[in-house]
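**Q** With chain A held as given, fit chains B and H onto it using these hints.
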Amino acid sequence: MKPSLRNYMPERADRYFSGSSEQRRAARALFESVADLPLICPHGHVDPQLFAEAAYHFESPAEFFLIPDHYVFRMLYSQGVRLEAQGVSVNEGEDASEVETDHRRIWQTFAENYHLFQGTPTGLWLRDELHDLFGITEKLTPSNAQTVYDRIAERLAAPDFTPRKLYEQFGVEALTTTDAATDTLEHHRAIQASDWDGRIFPTFRPDKVVNDLDQPDWQEQIELLRAVSGMDIGGYGGYIAALEGRRAFFKEMGATATDHAAETPYTEVLSPAEADAIFQRGLAGQASADDARRFTGHMLVEMARMSSEDGLVMQLHPGSIRNHNRAVFSRFGADKGADIPHALDFTRNLKPLLDQFGSHPSLRLILFTLDESTSARELAPLAGHYPILRIGPPWWFYDSINGMRNFFAQVMETAGIYNTVGFNDDTRAFASIPSRHELWRRIACDWLAGLLLEGQIDDEDAYAMAHALAYGLAKEAYGL
Amino acid sequence: MKPSLRNYMPERADRYFSGSSEQRRAARALFESVADLPLICPHGHVDPQLFAEAAYHFESPAEFFLIPDHYVFRMLYSQGVRLEAQGVSVNEGEDASEVETDHRRIWQTFAENYHLFQGTPTGLWLRDELHDLFGITEKLTPSNAQTVYDRIAERLAAPDFTPRKLYEQFGVEALTTTDAATDTLEHHRAIQASDWDGRIFPTFRPDKVVNDLDQPDWQEQIELLRAVSGMDIGGYGGYIAALEGRRAFFKEMGATATDHAAETPYTEVLSPAEADAIFQRGLAGQASADDARRFTGHMLVEMARMSSEDGLVMQLHPGSIRNHNRAVFSRFGADKGADIPHALDFTRNLKPLLDQFGSHPSLRLILFTLDESTSARELAPLAGHYPILRIGPPWWFYDSINGMRNFFAQVMETAGIYNTVGFNDDTRAFASIPSRHELWRRIACDWLAGLLLEGQIDDEDAYAMAHALAYGLAKEAYGL
Amino acid sequence: MKPSLRNYMPERADRYFSGSSEQRRAARALFESVADLPLICPHGHVDPQLFAEAAYHFESPAEFFLIPDHYVFRMLYSQGVRLEAQGVSVNEGEDASEVETDHRRIWQTFAENYHLFQGTPTGLWLRDELHDLFGITEKLTPSNAQTVYDRIAERLAAPDFTPRKLYEQFGVEALTTTDAATDTLEHHRAIQASDWDGRIFPTFRPDKVVNDLDQPDWQEQIELLRAVSGMDIGGYGGYIAALEGRRAFFKEMGATATDHAAETPYTEVLSPAEADAIFQRGLAGQASADDARRFTGHMLVEMARMSSEDGLVMQLHPGSIRNHNRAVFSRFGADKGADIPHALDFTRNLKPLLDQFGSHPSLRLILFTLDESTSARELAPLAGHYPILRIGPPWWFYDSINGMRNFFAQVMETAGIYNTVGFNDDTRAFASIPSRHELWRRIACDWLAGLLLEGQIDDEDAYAMAHALAYGLAKEAYGL
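Just so you know, the sequences run in chain order A, B and H. The opening position of the first sequence corresponds to residue 1 in the numbering used here, with each subsequent residue numbered one higher. The opening position of the second sequence corresponds to residue 1 in the numbering used here, with each subsequent residue numbered one higher. The opening position of the third sequence corresponds to residue 1 in the numbering used here, with each subsequent residue numbered one higher.
If we strip away everything but chain A, and leave its shape as in the complex, we get (with noise of 0.2 Å):
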């Protein structure tokens, strides 16, 4: 006969605070103080299409909740059961016959593999999503989830569950999402169309023209800048004012921050004629690996340069080899959860464009990390001296409660919060944005907390310091 834990389980409202029971009050005081803030969400990957059509509508609980989400997919996929099972399409050309189209045969898989959630991100917001948006405060399992699965349905089809009425209802402030350069952004047009007065906005994201000129559909890419910009691209010189159009159309559209993805930090000048000639390599499909590595990094200083000029936010998140399982991206596509870090050096690797841009007083490049180890052994240091550099809030597999709190451990007392900025909550799954700043904002006032009853800060910092990275440094940094 095991006894009962219930006594020991904390009220809802004092979930995620951490220590004894005076922290536990500092904390609930300090998130009080920074809970109805309105939401920043400067770095995102939701669809801008969700809010194009005032009338959108989410299709059924399993596209809500799991077949687009790869932190969910991946998970049951890793003990054995298959993505088509859990609905996930294939690429075009696989036979598509084997993939789930029922949604509620999709929703019971999950409901049988929820466990698997246990004491991970995914399984609290899930939880909290469930019982902020939908009212649910039962665990869901394998007999009530067709129940569970009707009362989330009929929520989905209400007249108010639309992308514009939630962004409302959540307060959000500004939301920003991730965009191709060769993107029409026909989307944000219509919302600006529109007459709703929601602020979404893009981002300018080049990676596809920037980091893949040894691979085979790099011509195709370049030809779609070529078609989107109006620009003649024979050479380096075109190709780069075809970027810095895109970037004026961007920013045009009230974007306020690129964002590069990268293998790892490499930064290197070339000369224009180097230049010119690895990129006549990529057009004639010549260019090896090394080609690549060298353009991308040169990009990367070339992308600093216009970010001084044009103000727009630079922000680098290196660090994740792409498409690690060769049969599921064979069969499946990118982002399917086999994404997979490795160790990275910033402090080498960055040098050759701090050399030339590391006080420029009109950047600002934010840096984000998949290898916690180089938070405070580089990332703090480097943003605790260069006047350009900030650091960016705990990435993907960091985005939890233990990420958070390595984040606060590992980068404040080098960089002080005030080189940080705040929260992105870097995510597709709109619905999911309550939840994952409230995480962030517990966490951090939880933090807070702990800092005050050691006697590190006094109430006033401490009041200051919850605004400042629930709000505060998030608006400020990117400018929005």
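Think of the hints as simulated: they come from the structure by calculation, not from any bench. Among the hints, a few may not be true.
Note that identical chains are pooled: a pair holds if it fits in a single copy or bridges any two copies.
Stated by the list, open to error - Straight line, CA to CA, 25 Å or less: simulated BS3-like cross-link-like pairs of lysine-lysine:
no., residue 1, residue 2
1, Lys208, Lys336
2, Lys475, Lys2
3, Lys2, Lys351
4, Lys351, Lys336
5, Lys208, Lys139
6, Lys251, Lys475
7, Lys2, Lys208
8, Lys208, Lys251
9, Lys2, Lys165
Computed from a predicted model, the values in this text were never measured in an experiment.
**A** Chains B and H alone, transformed into the frame defined by chain A:
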């Protein structure tokens, strides 16, 4: 006058629990629900000879606790106590005249240095073993050392103090040893031929006939393999067949797993012709270090192939630079506490193996690490995606309170507990097994109590997770 | 209306303690047992000139707290406050017209940015110094900045506010400086020739005549060495003899240790002919970067050889990429907060040195790191085995509450406390020494209180370990 701190020390039943008094009470309730579960010991280095003879007795307290335990003698060595004074035997051909043979003096030297183990896991295991197995509650000191020696010696001589009786008393459900590919498993045969029904199984560890192709004793090892397998090993094909034969024999003898050590997790697929050419250079004594590195990487993939066919669970223990101290290795041989970890890269190194077998339905590969920075960065994302992968428990230097806490904090959020495999005691010291499992169970329950108090999990989950971590996961992962 | 959190803040005597109220009480009892022990300062960068004149006085609050402290001005610089505005002097030949010379304005700028230090160790040291040395209990703000300046200035001018009097008031038992191999130690001679009996000793740091063989000022440094040693340095033999001569002189002047910085802990044994050839290329201005790297690695082994003969304790501080900001280095010179750590490998790099001297009975080598991931992975296993090795305390960015907590958590389980060397304040700021030692002692006692409450150690051990960490280990390790 220093005030007594006795009031702050927990009662013994609450040791190793952390946090507030509520958290300790919750941890204790969870621990009590798993404290009496049988012990699954799926990876270790206990000598099977202990169980081959019904009347086996341990020689002396020094032999029981100190002389074979590199965790102990390396610590005294680091503070200037020579290995000879600790009774460590020298290699054949070395002058053994200075090796202490008086076990009472060895024990006295240990007692004089017992403070070195303050705050170390070895100190906790020793204290708990002295208490639980020998009823010794006072702290070992230079002045009580000989009295304590007498009490231990008396107990060691008792008729019921045999490995077989201890196995039963400890509640071991299954225990596996680690055995060379060329081992005849005579002790295992003796155990199985006896009327004792303890479940002692071998594990297939072929390192010596796989890793060291460029070493002087390679030919000798291959000759041993030839002799024990009775097969012609003139070429790579015969070599593979011989290994497959040995695996089949181990499986007949009850093995459910293989184990592989390597300096790095490097893998590579060689063509049959390349593999044969390198193998031939090895036989001819002409292999280079690079040959050995590539051959080891290739054989890891080949072992994965064999495991996918015969179902033996594959374990990989990479990351130790063995025999780092040249002088100690030359005089005393291997396993003398001079194996030092280094930084690892799983993400790139395992890709060739995973490209071939990452989603194979009948393969399981358990990964261990000595580089904690890989836990959250690489192992958790890999195991949280690839169906064949599981993460082994904290190993060696990390089989400790902090090592376990870091493991829970770094692995579980991304991988979930079901991509881990519970606990391995991984010890040569049979009698330390209950203390090691108890430490793991206590720290696991302490972690779960923390999650519960933070509202991350409910009590139903906490009890289920405690059972899985203490028992279920290990049993399932190794098929025991 | 935000509720007051004052009740949650500890009284000053309990600051920096963590956990439950029981743990805080235990920590306080432990701390009180070591709070008044003398301060051992075995590694630091205080200018010996402070003690050479009996009547030395500090110039101003800005000079005392800000202008020489790169921990302070790099933080303001990172937020866009130019170094000139902080009074940092420029290199010879640079236009100095913009360097602020009004110390009151520098102080005001600092006060306006004081919030940047929230939650940082610099913030804690400053607050504690203002309190303990100047009786200032209110928080520094832009509006009270000039009043606070006046109060500090008044105290600085007091007759008893000299370094010698402070040394006595602080309870310093011994303090060592860090001095170039070519230093004449004139200030140390003046101290020893005076009637003051403070114990101020030099430390031999030969980096400039060892590390930079490929740099433009190498010949000049060697010429300085020739001049100060009076020896012919036409070849490697004379160079070694000159270094040995300088070591002997430092030892006569009371030195007990040497110190060595290097970008990595790389070591290598060159043959005498190779060493001489590289040395000659250096003298001729023809050495390559690889020459410099190999020569530095060789000289670390050679310095270990010398230490094994003359008994000077050897310290190694690797891992910082110095002067990372090209523009700042070019205008302001070295030590401007632009030194950035990178990933290290001790395991492979130290092997050549350890192969020669790892068990030498009269050598001690203390290792420091700026890469925390090496602490548990490499340093603790190395120091927990090799007799000559000890681990230095958390250094630079890690001389902080989290740095210390990580150090205890990562190092002690494997190495034990007796393979560590207590605390080094490692500061240029003499007056910050008591605050730094108090922080260390508080965090050490907090850690021990945690072990006690978890039943890992008993109270006898806790008191003994507190004494060792606060005083005994440093004194013993450096022979002070």
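**Q** Now look at each hint and say whether the structure bears it out.
**A** Hints and how they fare:
no., hint, verdict
1, Lys208 with Lys336, "within (18 Å within a copy, 39 Å between copies)"
2, Lys475 with Lys2, "between (49 Å within a copy, 22 Å between copies)"
3, Lys2 with Lys351, "neither (59 Å within a copy, 45 Å between copies)"
4, Lys351 with Lys336, "between (33 Å within a copy, 16 Å between copies)"
5, Lys208 with Lys139, "neither (42 Å within a copy, 51 Å between copies)"
6, Lys251 with Lys475, "within (17 Å within a copy, 58 Å between copies)"
7, Lys2 with Lys208, "neither (56 Å within a copy, 48 Å between copies)"
8, Lys208 with Lys251, "within (19 Å within a copy, 51 Å between copies)"
9, Lys2 with Lys165, "neither (46 Å within a copy, 30 Å between copies)"
The structure does not agree with the numbered hints 3, 5, 7 and 9 stated previously, though it agrees with the rest.
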